[in-house]
Amino acid sequence: MYALVDGPIDVPAVRAAVAQDTAGAILVFHGVTRDNFEGREVVELAYEAYGPMAVAELEAIGREVEARWSGARCAMVHRLGVVPVGEASVVIAVSTPHRAACYEASRYAIDTLKARVPIWKKEIYRDGSAWKANAETPSS
Amino acid sequence: MYALVDGPIDVPAVRAAVAQDTAGAILVFHGVTRDNFEGREVVELAYEAYGPMAVAELEAIGREVEARWSGARCAMVHRLGVVPVGEASVVIAVSTPHRAACYEASRYAIDTLKARVPIWKKEIYRDGSAWKANAETPSS
Amino acid sequence: MKVRVLYFAALREARGCREEEVEVPVGTTLGDLYASLFPGDRVPVAYAVNQVYAAASEAPSDGDEVCFLPPLGGG
Amino acid sequence: MKVRVLYFAALREARGCREEEVEVPVGTTLGDLYASLFPGDRVPVAYAVNQVYAAASEAPSDGDEVCFLPPLGGG
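Chains as they are written, first to last, in numbering that gives the first Met the number 0: chain A, 0 to 139; chain B, 0 to 139; chain C, 0 to 74; chain D, 0 to 74.
None of these hints come from the bench; they were simulated from the model.
Which stretches of chain B does chain D cover? Using the computed rule of at least three CB atoms under 8 Å from a CB of chain D, they are:
1. 40-49
2. 110-122
3. 126-133
The beta-carbon is built from N, C-alpha and C at its ideal position, and this holds for glycine as well.
Whenever a hint applies, use it, and build me the whole structure from the sequences.
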């Protein structure tokens, strides 16, 4: 499951997508809107995506995870539009036979998503807004 | 939330226990019954616990997590009795402001649980059973 | 020849539209095209042609979908 | 003096009960008590007194709850 959605993410569905009888560990990562950024109060975030390319990149990252960690299964869903404080903008589920690989694979998936998937975030403060860049963004 | 339960673990409740407006990352680790152990087919696992001490140790590990990683919140639930293949024996939720700390804290929680919380596991195969020790168990 | 150019985030706001058709000479690189559309802009963009990452030195073909990607914010 | 001894997992199966009261001389260490109850056993147990980890050299007091913890399997 690699998708962009407009409303709240169905977390049990993302987790169910990686179920397999050989799995000994499942990690579900949630990226959540925080109430502050460097001291400024965040009211909400708004995301936009280059949709077809974003889904293709999510699928490519998932294939990399499943190729690199034996027996891994991966699913990723990113929410678009406004995401209020406390709600998840992204949910990544990974299952593996053993937990060490699960932590590595989950971390790889979110780090790579931030660096490669064409999605943009506007932070809306009480007193303004700003497009926020991930530290992971490669400049070309 | 630090608890032992007899039936399926209520995962959304464990995650909800770590909700906080300052959280930018939530990780939910699920330890799941696998269908095999070193080539033998596992039918189910059965867990038993030294109940009051197990809960006290879960609480102590949670306090350690919250003291060691600034702004972290932790919740842990372990299931007892029979856990069929594909179902979770343990669920650990951790929330933190930033994700690097979340991965570290979650890993610490599960590793320390395996080493310190007085819970035992019997693996039931098609052709027998065995008490299985964690590699993390300290011998005294 | 013509290419379709898509804009997102700060570039969309700067350009005032989500996409447009642009007439470009054959052989124009992505870097040249960006410089001509956003003169003086110092945003460290990445480039995509037909939804695949591409180098600044690549030249799109007639009918291609081109996108300039400002620094990403997903996650 | 008397202590209450709890058994789990393989030790429970070996002893055939979940708990029992055991009469022990004052000053008996946990290690000595284990050796007397499971002579010849080589399981690398840990010890707890009143639900807190304790060293093999500790001596429980009258009325204490003692537990021998075989290798753990939680998670």
